[in-house]
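Student: For reference, the chains in residue letters:
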Amino acid sequence: MTAVPVTPGPHRLREMSGRAGWGVLAWIVGIAFFLPVLWMVITAFKPESAAETWPPQFVFKPTLSEFRLVFSGMGPFLTHSVVATIGSTILVVLLGVPAAYALSVHPVKRWRDGLFFFISTKMLPIVAAIGPLYVIALKAHLLDTVWLLIILYTAMNLPLAVWMIRSFMLEVPRELLEAARLDGAGRIREISGVILPIISPGLVSTALICVIFAWNELFLALNLTVTNAATMPMYLISSVPQEGLYIAHLSAAATVASVPVILVGWIAQRSLVRGLSMGAIK
Amino acid sequence: MAVVETGAAPTPTVGIRPRKPGRGEGWQRRLPLLPALIYTVVVTQIPFLVTLWYSFQNYFFNVPQPAHFAGFSNYSTVFTNAAFRGSLVRSVVMTAASVIIAMVLGVAFAVLLDRKFLGRGVVRTLIITPFLVMPAAAALVWSGPMLDPNFGLLNYLLAPFGVHHVAWLSTHALGSVIVVMIWQWTPFMTLIVLAGLQSQPSDTLEAAKVDGAGAFATFRELTLPHLRPYIELGILLGSIYLVNSFDAVRLMTNGGPGTSTTNLPFYLYQQVNFAFNVGGAAAAGVITVILTIIVATFALRLFARVFQFEEAGV
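Chains as they are written, first to last, in my numbering: chain U, 1 to 282; chain Y, 1 to 314.
In case anyone wonders, no lab produced these hints; they're calculated from the structure. Hints should not be assumed to be uniformly reliable.
[As the list claims (entries may be wrong)] One-sided excerpt, in silico: chain U residues whose CB lies under 8 Å from chain Y:
id : residue
1  : 29
2  : 59
3  : 98
4  : 101
5  : 135
6  : 155
7  : 244
8  : 245
9  : 276
The model shown is predicted, which means the values in this text are computed figures rather than measured ones. Quick reminder that beta carbons are idealized off the backbone N, C-alpha and C, glycines included.
Chain Y extracted, bound-state conformation (with noise of 0.2 Å):
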C-alpha cells in the first residue's frame, strides 16, 4: 500500500507489526466481526426496540390520529385476552408435537438409512424432498389435493380401511397442521441423525457385537448416547423454525375452525393485518419475546454443551 508521506507527526509502526497482543491487534481480530455485528444488531435489534416503544401507544392504522402514550393498558388487555393466551399454548402445543414426532421419525428413518439395501441413494432422496418443497406449495398441496373430503387422495387411500369422506380440515384441524409440520421436518431430523450415525465409530459397534450385545442393547447403550449431541441440534434447530410456523396455518386452515389452530404467529398477523392494532399486537409481541428468551436461555445451554463436545473433539 502507498503511504503518501503527509509531513505530519511520522508514524513508525505503519507496516510493522507490533508483536506485543496489545490493541492494535485486538482490533485487528474484531474488525472482520464488525460488519456482521453492526448489520444484525440494526437489523434485528431495532425493530424489537421500536416494538417495545409501540406496545405502550395507542396506535391504530386505521385511525388518522398519531400515537399517543397510553402507559400499561395494551398489556393488560393482552394478559386479560383470552385469545392471547389460547394462541400461546396452542403454539406450544404445536411446535412441541411436531418436533418430538419429526425427531422419533427422523430417528427410525435414520436408522434403516443407515443400513445398506438396493437404491439407497433413491430413497434417501425421496425421504428428503418434502424439506425442499416450498412451505407454501406443501400447505396448499396437502388443503387440496392430499386432505379435501370429496376428491382428496388420503381419504381414497384409507377408504379400505372404513375411512369415508373425512373433511380433515374441519374435524381435525390442528392434527391436520401439525401432520404437515411433521411431513416437513422429518427429513430435517433424519438426516442430522443420519449424519450422526455414520461419524459412530464401527469398531465400537463391532466390539459390542462380538461380546454378544443384541441390536437392540447396543443401540440404547452405546447409539444413543452417541447420538445425543445431534438430537439435541435437531430439536434446537426445528424449534426455531417451528414455533413461527405461519405458512401452513395461514393457508391450510385460516387459523380455524374458529380459533383452534390460532398459533401466536397467526394471532400477531391478525392483530396487525385485521385489528390494526398495533400497539396491542406490539405488547403481546414484547410478551411472546420475554416468553421466548425465558426458553431460549434453557436452549442456548444446551448450545453451551455442544461446544463441549467440540472442545473436546478437537
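Extracted from the complex, chain U is given alone in its bound form (with noise of 0.2 Å):
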C-alpha cells in the first residue's frame, strides 16, 4: 500500500474515480456471467437459418415462430412440474415446520443428532442408489407417476428446509414465547399465533429455494419417468433432435423451462439471500 495522501483534496478525487473504476469492473462482471443468459434469450427469437451462422448475428428480424412450437408440445411436461414442484414444497413446509420447532423452540433431548441426521441424508449420492430406487419404484407401482416425483423431491428438499427453518425458529425473541405461554397458549398455538407470523419471511424464501431445486431437478426424473410424469427438463432434452438445425428451437425451450424460476427469484432476491446464508451464522 502506498502512504495516504495528506491534502484534502486529491484525497476525495481518488476515492471518486476509485469508486467508479469499482463500479465499472463490477458492471463489466455483471454483464459477462450474465452474457450466457442474454445469448439464450436472444438466440430464441432467431429464425433457425440465423441461429447458426459465422460470424453469430447480432442484427435479425425477431420471430416467435419457435416459441409457438415449444408451446404447443408442452402442455403435459408443464403440468408435470407444476405439480411435482408444488406438491413437494407444500409437503416439506408441512413436515419441515413442525421438525424445526422440535430442533429449536422446545428442542428435543438429542437435537443435535437430529439435525445432524437430516443433513448427512443430503451427503448420501442419491445416485448410487438409483437402480433399487427403480426397482422399488416399478414393485410399488409409482414408476412414472408424478406421485413417486413428489415423494422423491420431498426427501431431497426436507433435510435443508428443516435447517434453514430451524434458524430462522431461533432468532424468535423468546419473550415473545415466554409471553404466548403465560397466555395460556399452547404448542399449535404457539406455533400458529406466535412462530409463523415472525418466520413467515423465512419460510418464503425456504419455499423457494425448495421450488428451485425442484423445479431444475433432472437425474431422478430422467431414471424414473417416461411419458405419464416427464418434466419440464426433460421437454428441453427432447427439442434436441437428431440431426437438423435446432439451436433457434432449443434457445426457445431452455428460455421457457428456465424462465418461471429466473423471474420468481428476481422478484425474491432479498429473500433468496436471507433464506441461503440461513440466519444461522450472524
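Assemble the dimeric complex from its two separately framed chains, guided by the hints.
Tutor: In C-alpha cells form, the structure reads like this:
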C-alpha cells in the first residue's frame, strides 16, 4: 500500500474515481456472467437459419415461431413439473415446520443428532441408489407417476428446509414465546399464533429454494419417468433432434423452461439471499 | 377437546399438564419431529438398504432369470474396474475444481458488490441469474449457442485473441464442463459471502482505517476471519450438490470423448441404463456411499463448528 495522501482535495478525487472504477469492474463482471443467458434469449427469437451462422448474427428479424412450436408441445410436461414442484414444496413445509420446532424452540434431548441426521442424508449420493430405486418404484407401482417425484423431491429438499426453518425459528425472541405461554397458549397456538407470523419471510425463502431445486431436477425424472410424469427438463432434452438445425428451437425451449424460476428468483432476491445465508450464522 | 366418559379407569391427569419433565413431556417434544424423521428414514434409508442387498446379488434388468446371491463378486469386479476408479477420480477433480474456483470468484464478486456504485442492485441481479437457470438448460445452451466450434459465441468473442473455431467440447471437454459448473455455482457462493460481508460490524473496519491499516491488510486480518464460517458453509453446500453433478455431463459431453468426463453419477447411470447391471451398479454405489461417509464425517465436523459460532452468537 502506498502512503495515504495528506491533502483532502486529491484524496476525495482519488476516492471518487476509485469508486467509479470499482463500479465499472462490477458492471463488466455482471454483464459477462449474464451473457450466456442473454445469448440464450436472443437466439430464441431468431429464425433457425439465423441461429447457426458465422459470424453470429446480432441484427436479425425477430420471430416468435420457435416459441409457438415450444408452447404447442409443452402442456403435459408443464403440468407434471408444476404438480411435482408445488406438491413437494407443500409437503416439505408441512413436515419441516414441526420438525424444525422440535429441534429449536422446545428441543428434543438429542436435537444435535437429529439435525446431523437430516443433513447427513443430503450427503448420501442418490445416484448410488438409482438402480434399486427403480426396482422399488416398479414394485410399488409408482414408476412413471408424479407421486413418485413428489415423494422423492420432498425427501431431497426436506433436510435443507429443516435446517433453514430451524435457524429462522431461533431468531424468534424468547420473550414473545414466554408471553404466549403465560397466556396459556398450547404448542399448536404457539406455532400458529407466534412463530409462523414472525418466520413467514424465512418460510417463503425456504419454499423458494425448494421450488428452484425441484423445478430444475433432472436425474431422478430422467431415470424414473417416461411419459406419464415427464417434467420440463425432459421436455427440454427432447427438443434436441438427432439431425437438422435446432439451435433456435433449443434456445426457445431453454428460455421457456428457465424463465419461471428466473423471474421468481429476481422478484424474491432479498428473501433468497436470506435463505441461502440461512440466518444460522450471525 | 371433548372427552367421552367410557366408564373405564378414569385418567384424571388428562388436560392437566404435569409440571415435571417426565416421559410425557419428552414425547410431546418428540412428536412434532417424528413425521419428518420417519419420512426421511423411510424414503432415504430404505433405498440404500436395498442397494446394499443388491450389491451381493447377480441381477441384470435384461436377463429374465431372477436375482441370485453372488457373494462379493460384484465388489471384486468394481475394485478391479479401471472405469470405476477413473470416474471416482474425475468426480473428485470436478467437484474440487468447481467448488474452489467458484468460491474464489464468489469472494471477489461479493467484495465488489459490497461497495456502493451506480446500479448495484441490477449488477447483483445479473450475477445471481446463472444460479436460477435450469441446469439442463444451462448445459444445452453452453454446448450449442455458446461453445459450438462453427457458430458459438465464445469463439467469436475470443477471435480477436487469436482463437479460431476451437471445438471446446472435444478438445477441452473436462474444462468446459467444469466452467459451466463454476458459472452456475459462483452466484451461490457470492450470495453467501455477501451476507457475511454485510454482517460485519462497521465500527471495527472504521477503527482499522483510523489506525492506518491498508485495505488489503484489513481484508486479510479482519474480514477473512469473519467470513470463515460463511466460506465453510458455501464450500460444504456447494460440494454436496456438485458431487452429484449429472446434467452438465449427460447433456454436454455424454461422458466423453471416451470417458474423459465420466464422473461417478454418470458412470452409475450408464451401468443401470445401458449395461442393465443392477448388482454391479449397487456395489459401486455402496463403495461410493462409504467413501462419501468418510468425507462427510470431516464435513460434519465443520457443521459442528458452525454450531459453535451460532451458540456463541446467541
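Student: Now tell me, hint by hint, if it's right for this structure.
Tutor: Against the structure, the hints come out as follows:
1. 29: holds, 6 Å
2. 59: Because about 14 Å separates residue 59(U) from the closest Cβ in chain Y, which is outside the 8 Å limit, the hint is violated.
3. 98: holds, 3 Å
4. 101: holds, 5 Å
5. 135: Status holds, d = 7 Å.
6. 155: holds, 4 Å
7. 244: At 13 Å from the nearest chain Y Cβ, residue 244(U) fails the 8 Å test, so the hint is violated.
8. 245: violated, 10 Å
9. 276: Constraint on residue 276(U) satisfied, holds at 5 Å.
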